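S.K.: If you want the building blocks of each chain, they are given just below.
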Amino acid sequence: MRTNPRMTMGRKGVLALFCCVLSVPAVCAAQTSQSIAPGDSSAPDSSSVAATSTIAAVVSPDIGDLPSAPDPRAQTAQQPGQANQQSPTKPGSGLSLGDLGFTTQQTQANAQMQAMLEKRTHMLKVHQTLGLITVIPMVATLFTGPEAKATGKNGQPITEPTTANLDFHVALGGLTSGLYWTAAYYAIFAPKIPGVKPKGAIRLHRDMEWIHGPGMILTPILGIMAYNQENAGEKVHGIASYHGTAAYVTAAAYGVSIVAISWPIHWKFWER
Amino acid sequence: MKNSFLIAAALLFAVPMFAQADKQWALDQSTLSYHMSHPMHEVDGISHAAKGKGVCQAGQCDFLIAAPVKSFDTGDSNRDLHMIETTRGAQFPMVIVRTQFPESEIAEATIHADLEVQFAGQTAHYKNVAFQKIVHGNQIEITGVVPATCSDFKIDRPSFLTVPIKNEIPVRVDMTWHPM
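Protein chains in written order, with the working numbering: chain S, 1 to 272; chain Z, 1001 to 1180.
FYI, nobody ran anything at the bench for these hints, they're computed from the structure.
Be aware that one or more of the hints could be misleading.
Derived DSSO-like pairs (lysine-lysine); straight-line CA-CA distance at most 30 Å [stated by the list, open to error]:
id, chain 1, residue 1, chain 2, residue 2
1, S, K119, Z, K1166
2, Z, K1127, S, K192
3, S, K125, S, K235
4, Z, K1154, Z, K1127
In this text the structure is predicted, and so the values were computed from the model without any measurement.
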């Protein structure tokens, strides 16, 4: 019996078409393929991926509208220390973070940044604690200030403060200053997070630094000058006479700074 | 032979059509906001950066929604950085929500979904969370509240003046979806 070459070619064509038909669901299934772990031996090589992509492009021109399969290269490109800790694809659902259009930079873990944030939080907690503790000697210094001041007018008897009052006030001032600058150290040297602009209550808190910071330099200097003048039996005069004013302005700015960082405040302690 | 060829060709075109019968949804816009409560502070952190996609096939819908942790904004950069630190947001930069529900639920006014939430390196499951559905023409707006807590994700509750925030951090969801 003579074989009809056209018939043979036709069978091959039909077979090829059936292969195509069978391959289409496989291609569709590829849209729901699971993420491939790095080093997974089941990962398709680039040639098989390219082959199925070509078939898909021929069979369904709209394939680009479907969620894309996870890119195995993206999985293997992650560094061990920076591996994405969140599994991008869950078995059973074909959707992955890659389908949503997030970049690797957005989804990649950053251990260094986490460490920096933790150090920052630690330092700012110390700053907060020391800053609040500083309030106690600061207020006490303000209260003892008038007791350390010589009274009377020029040409009239000057009443000197007792040595105890003066020393106590100086000691409180020194303690306030020490605590203040220690607290400031923890704020100044806390790690700065790149790309973050201060926003909200922190801005006023930081703006107040420009008042109470210089104030905490000026007030002790004026205080030392006033102390020396009083020890010399003089009534405090000149720029030293502004020691008290500088102290009150500094304390006020410091208070505003504390309230600002806590603002807005809702008093609801009874709802604990 | 011609018939066989035609049948094969018909099958060839039919299969992609069946494949395309799966309905897909894309997230148009979203507002996710967590609420943090402290005796001295009430704070809402809002994100509009969520992205999402859904696929309904064989009567079952799978949705994936994700948002960068750092996209939540309380209006205070210092607080937001502290939130990222507390929730290990640099280590686990995305909050990922997966949900499944029967496709028939889409026709209902209220969708009850089981949620799987990956956040702060932990995974929490919330069963039967109700979401209200409002239809706006071709779009569907979904609103609801995910009853998240700090303990669900092993988050050390931040404190202020030694008083920690409340354990509950409900997340309000408002998303608009459209079919693809």
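S.K.: State for each hint whether it applies.
M.R.: Hints, verified against the model:
no. : hint                : result
1   : S/K119 <-> Z/K1166  : holds (24 Å)
2   : Z/K1127 <-> S/K192  : violated (41 Å)
3   : S/K125 <-> S/K235   : violated (43 Å)
4   : Z/K1154 <-> Z/K1127 : holds (19 Å)
The structure fails to meet hints 2, 3 from the earlier list, while all remaining hints are met.
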